[in-house]
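**Q** As they're listed, the protein sequences go chains A and B. For the first sequence, the positions run 1136 to 1281 when this note's numbering is used. For the second sequence, the positions run 690 to 1008 when this note's numbering is used.
A hint or two may mislead.
Said to hold, decoys possible - Which stretches of chain B does chain A cover? Using the computed rule of at least three CB atoms under 8 Å from a CB of chain A, they are:
1. 856-866
2. 971-977
Said to hold, decoys possible - Some chain A residues near chain B, calculated using beta-carbon distances under 10 Å:
3. I1161
4. V1180
5. G1230
6. V1239
7. E1248
8. R1250
9. R1254
Please keep in mind that the hints were generated in silico from the structure rather than gathered at the bench. Source: prediction; values computed, not measured. Heads up, the beta-carbon is just placed ideally off N, CA and C, and yes, glycines get one too.
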Amino acid sequence: MAEPTPRALTDAEIHRSVAETLLHVIVPALRDDADWARAAAIQLVGLARYAATRGPDVSEGFAEELADVMATMANNEIVATAWGGDRSPRSVMDGAGRALALAVGRDDEHAVEIRSALRPVVVRQLDEELATTAPLVEAFRGRLDG
Amino acid sequence: MDEAELAALESWLQVRRGSDAKISEFDRMATGNSRENWFVGLSDGERFVVRIEQGGVFGTSSADEFRMMKAVQELGCPVAPVRWIEPTGELVGQPFFVMDYLDGVATGRDDRSMAPALVVDLVRRLAELHRTEWRTRLDADVTAGDATHAAIDRWHRLYRSETTVAIPLLEEGAAWLHLHAPPLERVVIVHGDPGPGNVVHDGRRVIAFTDWEFAHLGDPMEDWVYLVTMRGARTMASDEWLATLAQVAGVTVGADELRYWSVFNHFKGACANLTCRRVFRTTKPMPNLALIGTALHQTYVREVARLIGESAREGREGG
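Chain A with its partners taken away, still in its complex shape:
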């Protein structure tokens, strides 16, 4: 049996409407010399499309993953110095940052472990965020796909 049609519009539907209206109604109606308004409208299209397609906030999940990684590095003296084991997102991100910073300029096994086990996770998490926000860079520059 088909899902019942929702009574209310979803946020994604509204965001798509904003983007389409801006792109196909408002932008073509702007004066040729309205450069700033055109740039702002295209940026808003990018922002509305992002709002329509992005997933839930990943901050807590990322912090949990980093806490798990650091928890496995119990013998690492840098982690022991940088992080007290508090798994709140703020403490975890502080600890991860401190650990990466303390490893800079060191070549011992503890620093190497930070760079080989912790750092790649931090970079991968950023890449996952960038995968969803990258179209915003194009919108900022006045370019849109489609």
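We have chain A already, so just place chain B on it with the hints.
**A** Same frame as chain A, but now just chain B:
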């Protein structure tokens, strides 16, 4: 700006100029993310640009920018003459200053093309800025030994003031920059954002450098590498830029300097861009600020990480 603010600005200009000329034209100029730039035409034919802050975007202030522009103007560098400043924000909701409007070509906001002659003149003029004897016009206690470290700390402090949660790759970036900071022979005036898009020109010659909000005292390599790898990256290839710098300004940029200042400039950009997220959430919900504060910020953090990772793989310990 609403009608009441526009009327207040008109009165303010009349007092400053000792004239009863009215505002006859008032148009938003299609440049500037850190500031709103408004073209103001007056009934007596005078033309100005009103440059208005936007809630602390990039952690820079009108007062500092005004002071630096006034100093470089007195030192003979190409800049729009600044006239008056309103630093309190009481008149139009944000601090602003007024400068002369200059005839010339201001390249489009995303156009990075430049004629070869203009490239040469830009490099020559930037080198002249770096050579100025700034101590005759600016009071500062910055030394060659601490200028770069002070700049790293400035941007690090700014990012930490914008978020309660650390960004691990920026913590690593700050540590890496402190560790590898190159020695500096002479502190100079650094524009901080030079290149195509931030210059008014006549097609062949620079009339004025614009957008001085990042100007400070520091290492000239910050400007050169920014020009080559960031603002001028789509103007021509890095090798062409480096050859031009050597030929026109006698500036040699080594591979280590290129990497160091690329890390620095992306670190600076990542920290500065984060301010836009706060301004978007609080005083100015414009889409450009949302985009700079999220996607552009993340792109810069990623570049810091890439460059430091590349350095580590090439055998420099700890990145």
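**Q** Determine for every hint whether it applies to the structure shown.
**A** Consistency of the hints with the structure:
Given as covered by chain A, the stretch 856-866 of chain B passes the check, having 9 residues with a CB less than 8 Å from a CB of that chain where 3 are the minimum. Remark: the stretch 971-977 of chain B is confirmed as covered by chain A, as 3 of its residues place a Cβ nearer than 8 Å to a Cβ of that chain, reaching the required three. Interface restraint check: I1161 (chain A) against chain B, minimum CB-CB distance 13 Å, threshold 10 Å, status violated. Contact between V1180 (chain A) and chain B, as hinted, is supported at the beta carbon level, the nearest pair being about 9 Å apart and thus within 10 Å.
Hint on G1230 (chain A) holds. Least Cβ distance to chain B is approximately 8 Å, under the 10 Å limit. Against a cut-off of 10 Å between C-beta atoms, the interface hint on V1239 (chain A) holds, since the closest Cβ of chain B lies about 4 Å away. The restraint placing E1248 (chain A) at the interface with chain B is violated, with a minimum CB-CB distance near 13 Å, outside the 10 Å limit. Checking R1250 (chain A) against chain B by beta carbon gives a least distance of about 7 Å; that is within 10 Å, so the hint holds.
Taken as an interface hint, R1254 (chain A) checks out: its beta carbon lies about 8 Å from the nearest beta carbon of chain B, inside 10 Å.
This entry does not satisfy hints 3, 7, going by the numbered hints stated previously.
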